[in-house]
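Each protein sequence line maps, in turn, to chains A and B. Under my numbering, the residues of the first sequence are numbered 518 to 946, in order. Under my numbering, the residues of the second sequence are numbered 241 to 564, in order.
Hints may be right or wrong, so weigh each one.
[To be verified] Okay, derived cross-link-like pairs now, DSSO-like style, lysine-lysine, Cα gap no bigger than 27 Å in a straight line:
1) B:Lys556 <-> A:Lys946
2) A:Lys745 <-> B:Lys529
3) A:Lys938 <-> B:Lys529
Simulated from the structure, these hints should not be mistaken for laboratory data.
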Amino acid sequence: MFKKWQLTLLAILLSVVFAACSSDDESSANQEDGDITLEYWQYSFDSKVNLMDELIAEFEEANPGIKVKQTNFPYDQYNEQVAAQVPAGKGPDVINLFYGWVPTYVDAGYLQPLPQDAFPHEEIESEFFPLVEATKMDGEYWTIPTSVRTLALFYNKDLFEEAGLDPNSPPQTWEELEDYAVQLTKADGNGRLEQSGMAWEPAQQGHHWLRDGLTLQAGGQVLSEDRKEVVWADTPAGLEAFKYWLSFPTELGTSEQGFYTDDVTAFVTEKAAMNIDGSFRVGTLQSDAPDLNYAIAPLPGKDVQSTNASFWTNGITARVEGEKLEAATKFLEFLTSDDVMERWLDATGELPAKESVAMQDKYVNDEIYGPFIESLPFANAHFFVDETRERDLVIDAANRVLMEGQDPEEAFNQLVEATQKLYDEYWEK
Amino acid sequence: MEQFKSPQNQNNKTTQVKKEKTSLLHKFRGNLRYQKYLFVYTCLLLPIIFYLGIRILPTLFTFNVGFRDWNLLSTDIQPFVGLENYVTLFQDEIFIKSIFNTFIYILLGVSGQLLFGIIVALLLHKINRFVGFFRVIYFIPYVTSIVAISWVFQWILMGNGIINDILVNLGFSAQPFLNSPDQAIYVIIAAMIWQSIGFQMVLFLAGLENIPEMLYEAAEIDGATGWQKFWYVTVPLLNPTIVFSAVIGTITFIQVSFTQVINMSMDGSGGPLNSTISVVVYIYQLAFKQFDMGLASAATVILFLFILALTIFQMKVLTKKFDY
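Chain B with its partners taken away, still in its complex shape (with noise of 0.2 Å):
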């Protein structure tokens, strides 16, 4: 480091002395600290270039396609429809329940995440032995590939699986799960909230372990209980890791919605009769099974909207600032 200091002290002096002339070609040339600067900008400039080409220009290429009648196999021009697809798409009852779907996912899936995993989380807080071993295990189905979890329910869940052996053993009746249009989509939503409860679980340790001790000896000393503990200091001290987890569980749970829907749903495409059809399968569908880009493009514009709506929201309504 010492070596890299000196010279560039001196260049910086002598820049300084010969002000009035330097252009900015000799800024450049004449100084290292430029250079260094040029170089970590072109750095970071590539995976801007990267992003730009893979994400920023495709998403408002959609928007471009969301407007035409695209069929997908098609090499003629594709013609300029305007609003026909949002048109289409707001009267096609599939579409309009997929968007309802969608909302009763993030709805429960989100408000149960949050809800398990600061449960697990304040209660892992509270011990002090296998605290590793609790977290490994609450942790494992976050990593563990989602289809294979799917299948696992599939076959847990079936008429004949283990779920329904022990119900009827306790004198229940046996329950269709899957394959009924009432209880499918709440059994995916609950085997998305399982899978990510460690997800969750961590981001809330790291948030309680930032809570300063002290004020939880204050408040008992203010005669406190346990639940106004919880309330008035925690709460209130973890909101913006609430935050951040309502917004990044959102918007996963969005995109999640996919591949547990595809693999759990009975026919392998948000059946039974549509009930867990999500937006993001009805696009597939839409896009890949019925070629038309148009009214997938029009479709995805819209989800777009909808989640910049609810990140939005969250953002506004959710954080507030608290400070003791």
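Chain A extracted, bound-state conformation (with noise of 0.2 Å):
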């Protein structure tokens, strides 16, 4: 007979197994009471969860019978981690994503288009700004922001006073930024750069600079209306914002990829005088570098002035109908209100995404965030149909002229070629 431990042994052992494959059963569980419960994705970003858990508590007041479950998960894993629910057939109702990332999304049929009853198209072109129109496709609006945020340039005021250049008046245009750059940069005798006048990385915010802000400030474009053509070598704007880039790591010697690991470290640490940057670093200099002596000023223009804008967005997901539909467009009316907006402001530092509330006296008289909303009329979002691929062409091309010579025309035309057949993939479909 089996030793009586031996039997207790054999069955924990096999309920651990069975437990482990039996626990399935409780999300359907949800709707018992009546009550229906939205499930929320964001990523983590402490300020965010916070102002979420908050928003939250309010919205199950006002409506009774919904409850909100709020997931977060890091930046890096967002993706995989929605990726790993799908097969499950679990997952959020209305999900925080990153604009860039929407076309992909609704490729693989995983949103719905917004209701238009909710949402009518009308009403989100005249009462947000226009950049919102990155994640309008088919027809369709397919999520929708509380915030969004602009590039502009930060410079560091001790360092611009001991280079002689008055820190109330930081470069405007394309030739000040050149040399305002240059004068800030010191090389010891070999000419290894000690401290850069502009800090410059390309995979950072640096291939942004170049699409939203450069181009569009030579008077080029990138896309054409449809979205299905690169046209970005069409006009000779495109090289030339391509080449004005890339003199700052070449001719002026002002630059340097990986210069203190990145831009943000060099930025922080003293090393670099100038970063162009978004407003969501600002949380982060507040509180790594409490004590740098820093302004920010919109980015420098040339014809035309432009900057980049980019946002987090929410949609709902293809699967949810019925009740929870009605809830879930509840939820997006409430997180797309104004009284949300300008709380998401001040718990985060991201701008909001309608005009009305954005453009008030006591946000574009802000000294930090003045500049931000200040350059959002101009700013510009570019519709990726994959954004690590595009940014990748981007950095290839900075870097086969960089490290190995080439000339940079050919290397233009060449991301050019390399990001219309992107385009073709996408489109194909």
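With the hints as a guide, bring the two chains together.
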């Protein structure tokens, strides 16, 4: 006969195995007591998560019968986590996505268009900044953001003074930016950079600066109206922008890729005097470098002004229907209300997505957020078919010039050609 | 133990007596030894079930996914496309580059690991003092977080880093290291070798301990030089260790080339200009950046065949039987 302890051990082992296989039934029991539970996903970013907890509590109070459950994943693993839940038939009802990912998600059939009765197109187009159109595809809006971010010029006031520049008059044109960068650069006798006048990192915001900043400032366009053709090389402006962008690490010698590992580190450690970065960086600077004496100015322009905008945006997943869809719509309406937008700015530093909310005097005149908000009317959010690969193409084009000595024009044409191929592949489907 | 033994023997005798009658069920019920085996096998079976579910079945499933146009985010039926994914992969420059790089990683990385592992082990084998101290020193990198090591290397090797300071002070020109498509892969390999010397050292030390001293004495009497002793006694008798190290080294190299590359390459994805990308990094990009599970699975299958072939090759070519 089995010994008693043997039987017990077996029983325990078996029950562990079965327990591991059978814990699947809970999620379907949500609606038991008549409550609708919405599953909301966003990436882990402390200030956003905390604010969202507050907002959810208020929303639940105002809408009895609807519960919202927030789940967070680290930014790096976000797409993986979403992807991992799809085969299991689980996942969010309302999801917060980076706008550059939306086309991929739409293409995969993961999202459903926003219900038009709650979010009529005319209303979105008249109230929100035009850049939200980046997620309008096939004649439908698929997502709607609470807030947006823009790029601007961060500069170190102390280093400005040290170089004999007026810290209250940041560069406003391409020429001035070049000039300032040169004056702010220090190198040792061997030609090694000791201080970079202008941080330059294509892998960070550099590729955005090139596309939505420099190219548009020079009067060019990256994409055609229908977003199917890459028209970057159709006017000389594209190449002009590309060459200007590359002049910092080449002719001007003010910048170096990977200088103090990356642009943010270099700027925080006062090794780089200027950097182009987003409003989302303000919080990091405040917490990591409280003593850094810096200021912010809109991006220097050329023929026109332009900057890059990007945003995290909320969509409803494809399988949500019926009562749940109504609840999800209500939740989205709540998230895009004027009040939430104002609180979002206070808590996270991200700018309101509605023009009327953003352009209030108290925000436009703010020392930190003013320059970002000022840039919103001329901000552009490039429509990505594949953010990672488009970014990699720009990085590769830059590296071919910097490391292999390729002719910039050739590198640029290759970049345009390769990007066009991505768009062809995407639209073919 | 005595208590267990006696009833077991009795039972054995009884079963032998009633041999003609016993069915399998009776055997189990009546025989304590069978019950004991049943228990042991059941316990062993549980990890196997686990292993099947976590490793084997997903592996087989990967073969299936590799033949389909499988978008990770899509909930629709994933259409069967035959060998299309494989054709796409072999026309993909980056994939070819990643295979080539993986080959370099293994070739240089594993041989470097073995070489330095043997050297350190031989040196440590010779000394009697501070052995423990040196072992710890050489083993520490192996138990340090790869991510931490990668970032420290990045800082040491950057344009304004300490290595370049030394180079410049010695009158050489500063080197781009990780920022150069020609140098980056070798820098990463060097970091990986440095990290795994400790592990190889332990394996080789164990191997060296097992070589009987009398063989060296006999060789000495025959007038063998130090080099001859190494080449004709040490190396052949270390052969099993070398094979084991090579196989394990290859497999871990394929695995860790992921973490190292992600953390050390300048754009965090195998750059500059894909010069450091390895197959695992590319598989990750295909699956979780481009959501193309079909392509990623096909690449995984190719990697699987690659490792399989390599392992068989290593076993066949490197394993030799030496008898003294």
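For each hint, the structure was consulted:
Of the supplied pair hints, the one linking Lys556 (chain B) and Lys946 (chain A) is violated, its CA atoms being roughly 47 Å apart against a limit of 27 Å. For the proposed pair Lys745 (chain A) and Lys529 (chain B), the alpha carbon gap of about 22 Å is at most 27 Å, so the pair holds. Simply put, Lys938 (chain A) and Lys529 (chain B) have alpha-carbon atoms about 18 Å apart, close enough for the 27 Å limit, and the pair holds.
Against the hints set out earlier in the document, a violation occurs for number 1 only.
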